[in-house]
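Asks: For the protein sequence lines, the chains are A and B, in the order given. Residue 78 in our numbering sits at position 78 of the first sequence; the count goes up by one each step and never skips. Residue 427 in our numbering sits at position 427 of the second sequence; the count goes up by one each step and never skips.
Some hints here could point you the wrong way.
[Said to hold, decoys possible] Each pair of labels, with its calculated beta carbon distance range: (1) A:97 - B:488: 45 to 53 Å; (2) B:302 - A:97: 29 to 37 Å; (3) B:447 - A:113: 35 to 43 Å; (4) A:31 - B:471: 52 to 60 Å; (5) B:155 - A:83: 28 to 36 Å; (6) A:85 - B:487: 39 to 47 Å; (7) B:26 - A:57: 31 to 39 Å; (8) B:414 - A:57: 51 to 59 Å; (9) B:200 - A:61: 28 to 36 Å; (10) A:100 - B:280: 43 to 51 Å; (11) A:29 - B:272: 35 to 43 Å; (12) B:467 - A:29: 21 to 29 Å.
[Said to hold, decoys possible] The following residues of chain B were derived to be distant from chain A, with all beta-carbon distances above 12 Å: (13) 100; (14) 133; (15) 168; (16) 182; (17) 280; (18) 357; (19) 364; (20) 423; (21) 427; (22) 436; (23) 467; (24) 473.
These are computed hints drawn from the structure, not numbers from a lab. Glycine is no exception: its CB is placed at the ideal position from the N, C-alpha and C atoms.
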Amino acid sequence: MAIIERLSVNVYYLVSVILFVIGFHTMLTHNNLIKKIMGMNIMDTALFLFFVSIGYIRGGQAPILINGVEKYVNPVPSALILTGIVISVSFTAFALALVIMLYRYYGTLDADKIIALRGRRHG
Amino acid sequence: MVNITHTPVLIVVLLLSGAFVVALLSKYLQVGRFIFLLTAAMVLLLSTRLTFMVLEYGTIHYTLGGWAPPFGIEIVVDAFAAFSSLVIAGVSAVIFWFAVFGPREVNNETGYYSLLLLLTAAMHGMVLTGDLFNLFVFVEISSLAAIAIIAVKGTGESIEASFRYLVLSALGSGVVLFSIALIFMISGHLNMSYIHDALVITAGQYPLNIVLAVGFMLVGFAVKAALFPLHVWLPDAHSNAPTASSALLSGLVVKVYIIAFMRIVYLALGIPIFEILPIRQIFLVLASIAIIMGSVFAMVQDNIKRMLAYSTIAQVGYIFLGVGLFNQRAVEGAVFHILNHAIMKSLLFLSAGVIIHQSGHKKISELSGLGRRIPFTFAAFSIGALSMVGIPGTAGFISKLYLALGALDAGQTLFAILILISSLLNAIYYFPIIIAAYFGKDSPLDARDPAWATQLPLVVLSLGVLFFGLFPSIAIPLVRQTAQLFIK
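Use the sequences and the hints to build the structure in full.
Replies: So, in structure tokens, the structure goes:
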């Protein structure tokens with residue numbers, strides 16, 4: 001019972017670690033370039049969830065000073081993650097642009113096929 | 001502190017604004033080039049000034065926007081930061097000159113200059129900042145810009161190489177961010193000195209967090225710095241980039257991540273972390289394998305730029321080896337090698353780029369006899385190669401000497417022998433090129449040395465190699481102070 005209780009308290013951490021592993025795995029093992037980028041996004045989202053849940057306090061209010069409110073959520077992680085999201089978006093946009101160019105050159109989105117084609121073209 | 005000087009932040013601000021201005025000047029190419037080079041020159045002046053300030057007054061703390069830490073972002077310029085900033089500013093200025101006056105390899109010129117400025121801004125930011133999340137942002141900017149300056153070449157291979165770099169780089173950034181989250185969790189701060197103070201109290205209570213955070217940090221930075229088993233992206237990425245990008249990537253970018261990691265270790269985590277976790281042992285083992293395997297892989301390459309890229313893997317190994325040995329002289333050797341390798345690898349990549357452009361050949365087997373046709377460029381290449389091997393009188397000798405002495409000080413004779421063996425291995429793959437170029441059978445090509453403006457960076461870098469080989473004492477005060485940041 002103690003384990004379940006601990007898990008339910010830390011459910012955000014647990015979920016974000018699971019998501020992180022899914023993203024990591026997708027990114028490294030899938031051959032399809034678009035799926036690799038999706039894996040990258042899942043991994044980043046997992047990290048954002050992890051970061052934001054560090055600052056979350058159960059029953060805490062948004063950090064705006066109001067009389068009578070004692071518990072505030074830590075706003076720093078959320079603020080940081082805004083930057084993190086921007087970075088993640090630019091990485092994704094750039095990766096997709098590269099994928100478009102790769103598709104133009106090789107006519108496929110399969111990483112293995114691209115390597116095979118490259119080997120044939122450049123000996 | 002009333003009499004505050006804005007030099008530390010001006011370096012980054014100048015480069016960032018330069019990047020935006022240059023990107024807009026595609027219609028006025030000459031103006032764009034001028035601003036590009038002017039920015040680099042001004043940054044070099046500022047870095048020099050910063051270094052003298054640090055030598056005179058000690059560590060400089062600068063708070064961005066006047067917000068006192070822990071709320072504001074703090075820039076901490078110690079001897080190591082000043083030294084790294086000066087190396088980055090100096091070597092990048094020379095490479096920028098080559099990007100402007102060297103062979104044309106990219107279509108969108110001003111876009112390329114803008115990316116180079118962004119990358120340099122991120123590198124300066126990474127070595128100067130004292131804030132963990134700020135460091136992460138700079139890591140991301142530099143990764144993205146580094147990938148972009150490979151892809152600008154626009155060939156299928158370079159785009160494929162940059163995509164692979166992007167995937168691994170994103171993995172590296174992901175784990176670094178995870179590690180920052182784990183550290184934030186138990187310290188509640190992002191400012192490195194505050195993290196250090198908090199960790200002294202809480203680290204013992206949450207050992208799992210620390211172990212995971214350090215592990216993730218290590219993996220993340222090792223991917224980006226191409227430490228041996230995580231180097232797979234480097235040969236393709238560095239050899240398929242335009243010449244100026246290759247020089248910048250191999251000479252500076254990989255090492256900046258080592259500098260960032262070292263700064264996190266002594267500013268945030270504290271040196272005792274080396275005794276608690278086996279980081280040094282990991283460094284020693286992986287660096288030894290990197291030194292040997294990098295050279296072995298380099299030996300079997302026929303493409304000259306690929307050979308140089310594999311040689312970078314071995315040279316990164318030296319720096320990690322120096323950090324792993326962890327005594328005064330070994331760390332001095334590692335820090336000195338950051339400077340020396342930046343100069344000599346840029347020299348090698350730039351001269352190799354010129355040779356490839358002038359002759360039209362990139363295979364080592366086809367370069368025979370070209371030394372007599374392109375004597376000047378090959379002379380520059382030879383100086384870089386001699387320094388790589390570690391011939392006395394060149395810069396490479398000094399850092400290898402310090403590393404070997406450090407290994408002996410640590411009582412690890414094995415590593416001193418390893419450095420000797422690796423020098424021999426370097427000789428095996430560098431000397432045949434030079435010998436074939438000067439004494440091989442005549443080349444049917446009608447190649448000649450390029451214009452003086454293209455050769456100027458090669459002259460400057462060659463003189464740099466010889467200068468730091470003959471008068472290393474110029475750099476010693478900074479290097480010694482840097483090593484003392486580690487070994488107190």
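Asks: Tell me, in ascending order, the numbers of any earlier hints that this structure violates.
Replies: Of the numbered hints, 7, 12, 14, 15, 16 do not hold.
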